[in-house]
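Novice: Here's the letter readout for the chains.
Protein chains: 2
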Amino acid sequence: MDKRNLEVCFSPAVFKLFENPGSIVVIIDVFRASSAICTAFANGAVAIIPVAEIEEAREFKRKGFLVAAERDGFVLDFADFGNSPFNFTREKVEGRTIAYSTTNGTQLIHKASSAHSVVIGAFLNISALCKWLTGQERDVVLFCAGWKDKFNLEDTVCAGAIGERLMASGKFSTICDSLHASMDLWSIAKTNPLAYIEKAAQRSRLRDKGLDDCIEFCLQTEFTDIIPVFMNKILKPLGK
Amino acid sequence: MDKRNLEVCFSPAVFKLFENPGSIVVIIDVFRASSAICTAFANGAVAIIPVAEIEEAREFKRKGFLVAAERDGFVLDFADFGNSPFNFTREKVEGRTIAYSTTNGTQLIHKASSAHSVVIGAFLNISALCKWLTGQERDVVLFCAGWKDKFNLEDTVCAGAIGERLMASGKFSTICDSLHASMDLWSIAKTNPLAYIEKAAQRSRLRDKGLDDCIEFCLQTEFTDIIPVFMNKILKPLGK
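Residue numbers (this note's numbering), protein chains in the order written: chain A, 21 to 260; chain B, 21 to 260.
Just chain A, with the same shape it has in the complex (with noise of 0.2 angstroms):
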């Protein structure tokens, strides 16, 4: 069959753009919502529920649900914990299902609602995830989460190593500029992409906050081989 197109969507203000309705849309928000998705799954979470307002987060607190919920870094004060992926630990998320309050995250699933698939991306799960999407017969949109609807480089990173390995899948061909730039840059952060990503804007705004213990961990591959699909305004790991 015809190669599947690949592409990088740097900006939620712009994926209008990239909009497709036979495509797998990636959401890539590395620092740090994917990554808490990801642990959260690994870690036995049965569901997340993404909530964008904080009174609807609230309510799923008083239903008994275990919330997630942070505004500027600062935990909310009815929330469980905040969204560090070092809060998702076994033993607090095993077996529950997590209200995640995101405004950013939830506008983005609504955006990419459009196309046939929504799943989440992150250097955790980046080996099983590059695997998956080989193995569809779909095209694909790397869409990065950014940063107030500006371009990021550690969604940018991340999308390229993921471009990496699926155009040397040979499955994939694209006219993307975007992918090419991101594949570039990832083929400089790569050799170290702690270092690389000592530069970066969000870099500086969670040392600033305290909330950067997680960086490393983040930036880590092989962690998790679950993929979190969005279906039914729910997250789950696919296959579950």
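There's no promise every hint is true.
The list treats identical chains as one, so a pair stands whether inside a single copy or across any two.
Straight line, CA to CA, 25 angstroms or less: simulated DSS-like cross-link-like pairs of lysine-lysine [as the list claims (entries may be wrong)]:
(1) K191 - K253
(2) K168 - K131
(3) K168 - K36
(4) K131 - K36
Because the hints were derived from the structure by calculation, they are not lab data. All values derive from a computational prediction rather than experimental measurement.
Go by the hints and put chain B onto chain A.
Specialist: This is chain B only, laid out in the frame that chain A set:
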């Protein structure tokens, strides 16, 4: 004084995030508008009037102006020539005012008009441009034209080349991931920009239309010292 802020905007779709009334905006459209405009002034054009609508361009022709106008690579029947830099020869443009039909370019200039100044940047005028920008006490936004609101490689590596020079001056600082990405991509491209740009989508589009004879020309530096500046809806050489 404090260092000035340097940022790169990858797409007209997100320029509002970079609006800054005190800044100098550098519009970069390497293939081919920025390069054509620099060439026209280098060859003695007096002024260039960016025109959005075809009917408006036709009206300028009736009034006796030179008109450069094409759509999708085809010269419009009433125009004197199309948008290739090679059309703007000294023989044709010296002492003349040119109506330049460009839907995209006109929109870019309009979007940027809230800034303190709007100038045109290209590889062709990079040295004079960077020297001038370094001498101003203003923030700078490098505004990549992109392609139909998408990121493109050629404008980005040009922004990276400009960024490299400005950052080396010690007068600028940044927390802009797009600038870091541009400079990193330029660090790969700079050993052979012509070879690097082979994979750019616009490279293929121009080849398909037989309009790619100007690629190598557009990538050269030190072609002109002129900095086109936009004032009162007209482009003129800075200082003239």
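Novice: Kindly indicate which numbered hints from before are broken by the structure, ordering the numbers from low to high.
Specialist: 1
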